[in-house]
Amino acid sequence: MRFLHLADLHLGWEPSFLGEKASQRGRERDGLLERAVDFALDDRNNIHAVLIAGDLFETHRPSRAVLEPAIRQLQRLVRGGLFLLTVPGNHDEITYGDSVYRLEAGRWPGVLVQRPMPGEVARMEHAGRVYAFYGLAYHAGLTRTSPPLADFPRTQADRHIGVLHGTLGGEVGDRSLPISKEAVAVSGYDCLALGHLHAHTARFWGGTLAVYAGASEAKNFFDPGTGLFVVVNLAESPTVSTYTAGCRPCLTQQVDLSLCQDEAEVVATIQSLANQQAMFKVVLKGPTSFRVDVEKIQAQCAPLFYHLQINSDSVYIEFELLSRLAEEPTIHGYFIKNLLARLEETTDDEQREIVRRALLRGADSLAGGGH
Numbered sequence: 012m013r014f015l016h017l018a019d020l021h022l023g024w025e026p027s028f029l030g031e032k033a034s035q036r037g038r039e040r041d042g043l044l045e046r047a048v049d050f051a052l053d054d055r056n057n058i059h060a061v062l063i064a065g066d067l068f069e070t071h072r073p074s075r076a077v078l079e080p081a082i083r084q085l086q087r088l089v090r091g092g093l094f095l096l097t098v099p100g101n102h103d104e105i106t107y108g109d110s111v112y113r114l115e116a117g118r119w120p121g122v123l124v125q126r127p128m129p130g131e132v133a134r135m136e137h138a139g140r141v142y143a144f145y146g147l148a149y150h151a152g153l154t155r156t157s158p159p160l161a162d163f164p165r166t167q168a169d170r171h172i173g174v175l176h177g178t179l180g181g182e183v184g185d186r187s188l189p190i191s192k193e194a195v196a197v198s199g200y201d202c203l204a205l206g207h208l209h210a211h212t213a214r215f216w217g218g219t220l221a222v223y224a225g226a227s228e229a230k231n232f233f234d235p236g237t238g239l240f241v242v243v244n245l246a247e248s249p250t251v252s253t254y255t256a257g258c259r260p261c262l263t264q265q266v267d268l269s270l271c272q273d274e275a276e277v278v279a280t281i282q283s284l285a286n287q288q289a290m291f292k293v294v295l296k297g298p299t300s301f302r303v304d305v306e307k308i309q310a311q312c313a314p315l316f317y318h319l320q321i322n323s324d325s326v327y328i329e330f331e332l333l334s335r336l337a338e339e340p341t342i343h344g345y346f347i348k349n350l351l352a353r354l355e356e357t358t359d360d361e362q363r364e365i366v367r368r369a370l371l372r373g374a375d376s377l378a379g380g381g382h
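Under the numbering used here, the letters of the sequence shown match residues 12 to 382, in that order.
One thing to keep in mind: the hints can contain errors.
[Claimed, not checked] Below, simulated DSSO-like cross-link-like pairs (lysine-lysine); rule was C-alpha separation at most 30 Å, straight line: (1) K32 to K296; (2) K307 to K32; (3) K192 to K292; (4) K230 to K192; (5) K296 to K307; (6) K32 to K230; (7) K307 to K292; (8) K230 to K292; (9) K292 to K32; (10) K307 to K230.
Hints were generated in silico from the structure; no laboratory data involved.
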């Protein structure tokens with residue numbers, strides 16, 4: 012049995028940092044659910060079930076403009092004969108009286124997990140085997156979060172699959188359901204489908220394959236998305252496969268200014284990264300002997316990207332200042348004096364460039380820049 016594992020779609024979120032493109036990008040992000048449904052219904056992908064492990068929506072009360080298309084897409088899965096199970100998350104928490112999962116429970120497609128404590132929530136049959144699904148929906152004041160969840164009940168079935176929105180081991184922050192990895196390792200579950208952490212990971216704890224689907228679509232440069240659909244195959248030994256989800260790339264690239272001779276070379280370096288489909292952040296790093304006009308470079312290069320953001324962590328070092336520092340009776344001064352002398356003596360262009368870079372990097376490091 013193969014299931015498409017979704018989590019953390021955060022439908023309804025808009026990226027304010029994109030300015031006039033925010034609404035368009037928000038609608039584009041929300042299109043992920045339709046692409047996921049298309050993927051699941053495509054016979055070539057051989058999908059039998061879809062599990063949504065929390066945070067389908069950005070808030071517990073999404074607008075009608077977000078909610079209605081989402082329900083229509085989920086209805087397509089049910090009409091297509093696929094098993095569908097949805098677990099509320101912490102962004103779209105069921106706790107609130109006006110939560111979408113309370114108000115729309117009567118018409119929610121497939122199985123909607125509502126119970127506050129762990130237990131069996133559904134079962135399905137496929138190819139002569141019975142698959143039992145377990146989970147809970149976090150209810151503030153009802154669901155215990157301390158100590159970490161260690162209760163993993165099992166009923167009679169051939170395969171056992173847990174679906175939870177929470178944090179497996181490690182640090183636990185606000186509004187997170189902590190889950191004991193030691194308990195998972197002895198749970199007897201074949202697979203634990205998880206949501207909440209936005210990076211895709213998969214590893215065995217004991218005999219249980221614990222999988223975070225991750226967030227397919229990017230939110231911002233700190234949350235760049237995986238760009239993937241995750242499929243779990245519950246064969247004799249569970250395995251995970253990933254497929255491209257058709258998401259807009261969200262990329263970050265550092266540019267070392269000590270490798271550039273002047274601002275024109277910085278511009279050329281950024282232009283070489285051109286990608287009109289990508290949200291792109293360029294971080295200018297390292298020491299430089301020339302001043303950099305970030306706003307000017309931004310204006311020159313922005314048309315080559317869907318969105319471009321340039322941050323500068325560079326350090327400007329004047330060669331006149333280096334000459335003065337070279338006169339200091341210190342290790343710092345001796346270092347600079349030695350390299351300035353080598354720079355004067357060297358006639359080979361390639362060697363001069365190596366010495367220039369060493370001078371900038373060394374001066375920056377000795378000054379405490381650490382770039």
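These are the hints, each one checked on the structure:
With a C-alpha separation of about 28 Å, the suggested pairing of K32 with K296 holds against the 30 Å cut-off. For a cut-off of 30 Å, the pair hint linking K307 to K32 stands: about 21 Å separates their Cα positions. A threshold of 30 Å between alpha carbons decides the hint, and for K192 with K292 the separation of about 36 Å lies outside it, so the pair is violated. Simply put, K230 and K192 have alpha-carbon atoms about 28 Å apart, close enough for the 30 Å limit, and the pair holds.
Among the hinted pairs, K296 with K307 is consistent with the structure: their alpha-carbon atoms are about 17 Å apart, no more than 30 Å. Taking the CA atoms of K32 and K230, the gap is about 13 Å. The hint holds against a cut of 30 Å. Of the pairs offered as hints, the one joining K307 and K292 holds, with about 16 Å between alpha carbons and a cut-off of 30 Å not exceeded. Between K230 and K292, the direct Cα distance comes to roughly 13 Å. Compliance with the 30 Å bound is thereby established for this hinted pair.
Using a Cα cut-off of 30 Å, the hinted pair K292 and K32 holds, with the two alpha carbons roughly 16 Å apart. Under the criterion of a C-alpha separation no larger than 30 Å, the hint pairing K307 with K230 is consistent with the structure, at around 27 Å.
Figure legend: structure checked against the earlier numbered hints; the only hint not met is number 3.
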